[in-house]
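In order, the protein sequences belong to chains E and F.
For what it's worth, the UniProt record's numbering labels the leading residue of the first sequence as 1, then goes sequentially.
For what it's worth, the UniProt record's numbering labels the leading residue of the second sequence as 1, then goes sequentially.
Simulated from the structure, these hints should not be mistaken for laboratory data.
Just so you know, not all the hints are guaranteed correct.
Said to hold, decoys possible - In silico BS3-like links for lysine-lysine, alpha-carbon gap of 25 Å or less:
1. F/Lys156 to E/Lys86
2. F/Lys183 to E/Lys42
3. F/Lys119 to E/Lys42
4. F/Lys331 to E/Lys42
5. F/Lys331 to F/Lys376
6. F/Lys113 to F/Lys302
7. F/Lys156 to F/Lys376
8. F/Lys373 to F/Lys302
9. F/Lys183 to F/Lys156
10. F/Lys113 to F/Lys433
11. F/Lys331 to E/Lys86
Claimed, not checked - A few chain F residues facing chain E, derived, Cβ under 10 Å:
12. Tyr212
13. Ser369
14. Tyr371
15. Ile377
All residues carry an ideal CB built from backbone N, CA and C; glycine is no exception.
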Amino acid sequence: MVHILGINLPDNQLARFALTSIYGVGPHLSHRLCARFQIHDKCRVRDLTPFQTTALSSFLQSPKTALPVAQYPLASINFIPRPPSKSIQELQAELNAARAAQKQKRDEKLQKMGKLPVENAKAKVGGRKAPEKKSRDPLTELRIESELRREIRENIAHQRLIGSYVGRRHAMHLPVRGQRTQTNAKTARKLNSLDRW
Amino acid sequence: MVLALSRASLCRSLPQGTVCLPNVRTYANTPPGQQSPFKIQNVKSSATPKNKKAFSRKNRIGAFRSMNPSQLTVPVLQPRSSLSMPSFKPELMTENMIGQVVAFNQTPNDPIKYFGTPKNMLLEFRLLSQRCSVIRNITILTAEELNSAASEPSHKTRYVLTGPSGCGKSFLLLQAVQYCLAKEWIVIYIPRAKTMVNSTTTHVYDLRTQTYLQPNYAQQTLRRILEVNSANLQTLTMRDGLSYDRRSFSSGTTLAQLASAGSKDPAISSVVLETLLTELCRQSKIPVLLAVDDFQSIYNQKTSYRDPHFSAIRPYHLAIPRFILEFASGKRSFPKGAIIGALTAADPAFPVTNELMDELGVPGVHPRSPYSKRSKILQEYARGLRNLPVPTEFSPREAASVFETWMRDNALTAPANDELFLAKYTESAGNPKAFVWQGILGTLEGAAPVVNESTSWPQLREGRI
């Protein structure tokens, strides 16, 4: 039994399906989470390594403070790997040195061409800060469990505050999205309210 | 009066054929205020506790669980084969043996048991009382090619078996594997290469190789290679030592010991597999065959795996498919040996790609133009592959042998005669899979009715009533 955010994930389930039991995580987000932590599609919860479990829990507890994923270099067609005796630290140091050398080379080239390096150029667009590109990765703006419920509560409260139709309908425990009320509004009467979550 | 009318209208409104009886109360509806006399109430059985999870998967013992075959000691349940056929030997690969069915016997290093087989072949071997296959002219041709490959580097003998669905590519590959094993080659057979790219095994990024390792798959592969080739691997030794992850192997260690260590520990299995293949590429004593079924699955641009940024991982960025691609393209080569791949024609998840079809000269289902999508890297990995087309149909002699084998194994429901054989051969157009599965096993024809001449009633003669 693996516990993530207080939710018990059954051992026998596929990890990709088990993660959907978290409020706010559906099939697509679950697939993205598994990809981020290198969990293959048919991995069962009992096959998860302790490292993967702790990485998942710590990410889900605070998605905003998680470190961004590094870009892994991938082997080209004629790549020959180093011998196995080299340690990870040496390889990482070599990679960092190679990346720094590449960056320096690029900056020198840009300066030669008269163009400034990218970071300085960004700050000077029209006197205002250039708008940041929205990331396509939904995991960067992940909201789950209590945060998501709070957001929904805030949205409903905002609708009421501005005196909108949607807010009034929530307050009256009636359907909000234009459904019929002459018959069949039972779910709305039971569940719709201002303090729904 | 009113009551009679209403009852009549009720009768008319019901569908035709229902019998309308007056004054009948159905027992489904109890009169109000009374308990139904037929409902079982307050029955508490002490034998079955009121456990909500009683039917959950954990608690269910199951209606049927098959016994271990070794526990079946009763004589009537012992497997008996009514088939008697010669066993597969390299000496049988001659022209006059074309059309002969030969059996794959159980040996201590049986490749069918340890490497496994594709699914369709597995089902067929389960149905037959002995695992066998027919020798075709393409088998003799392949055997001759392998004979000449035994003394040449593997980059000169890289074949891909092609043909329509059901023409016998996987069977031919298995025959090649059995042939090479009998000739004491080292054989690496991967019957379902799809399983290494469809995201069913663990993958983990490795900075040294800059690829995604597959430790569990590597461990399984090492175990299989060791079981089948242990005798040969014990005669070969490592030239250089290996030290990795606090484990070290000195330079004289046998490849069998190396493979054994790798097959027990998934943490070092990827490095051990890499070292084993490198050592096999250095030794020129024993020829090596690398046989891969589902060959096209590693030539698909995208595998089912996703990297942490959610883009699809390419097959050449996964460790084990990369090894196969390197051997198939000639970038790595055994000093003596061959590489044979067999395509799976009808797999929608991993279709045969443009790069392979171009290189092999196969027409393909859809027309291709110079503007169709091709990957330069995969084209590079496909360079030099040669097409070995498998004949699309059985010759009548081969089909007759197969028919006789199934007939002797009591698979036919209809009386076995020339008419049935020719009918099934024609219906399947000679296609081997269709001939066996839809022709022989799928026929609904039963025994012909027996005519009883002695009855006086003509309609009872054939026993039809």
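Outcome of the hint check:
1. Using a Cα cut-off of 25 Å, the hinted pair lysine 156 of chain F and lysine 86 of chain E is violated, with the two alpha carbons roughly 34 Å apart.
2. For a cut-off of 25 Å, the pair hint linking lysine 183 of chain F to lysine 42 of chain E is broken: about 39 Å separates their Cα positions.
3. With a C-alpha separation of about 19 Å, the suggested pair lysine 119 of chain F and lysine 42 of chain E falls inside the 25 Å cut-off, and the hint holds.
4. Annotation: proposed proximity of lysine 331 of chain F to lysine 42 of chain E is violated, straight-line Cα distance about 32 Å (limit 25 Å).
5. Restraint check for lysine 331 of chain F and lysine 376 of chain F: satisfied, since their Cα atoms lie roughly 16 Å apart, inside the 25 Å limit.
6. Distance hint between lysine 113 of chain F and lysine 302 of chain F is unfulfilled; the C-alpha atoms sit about 31 Å from each other, more than 25 Å.
7. For the hint pairing lysine 156 of chain F with lysine 376 of chain F, the CA-to-CA distance comes to about 22 Å; that is within 25 Å, so the pair holds.
8. A threshold of 25 Å between alpha carbons decides the hint, and for lysine 373 of chain F with lysine 302 of chain F the separation of about 13 Å falls inside it, so the pair holds.
9. With a CA separation close to 20 Å, the supplied pair lysine 183 of chain F and lysine 156 of chain F stays within the 25 Å bound.
10. Distance restraint check for lysine 113 of chain F and lysine 433 of chain F: the Cα-Cα separation of roughly 22 Å lies within the 25 Å cut-off, and the hinted pair is therefore satisfied.
11. Between the alpha carbons of lysine 331 of chain F and lysine 86 of chain E the distance comes to roughly 24 Å, so the proposed pair stays at or under 25 Å and holds.
12. The interface hint given for tyrosine 212 of chain F holds, since its Cβ lies 8 Å from the closest Cβ of chain E, which is under the 10 Å cut-off.
13. A cut of 10 Å between beta carbons decides the hint on serine 369 of chain F: the least distance to chain E is about 25 Å, and the hint is violated.
14. Violation of the interface hint for tyrosine 371 of chain F is found here, the shortest Cβ-Cβ separation to chain E being roughly 24 Å, above the 10 Å cut-off.
15. Annotation: interface hint on isoleucine 377 of chain F holds; nearest CB of chain E at approximately 6 Å, less than 10 Å.
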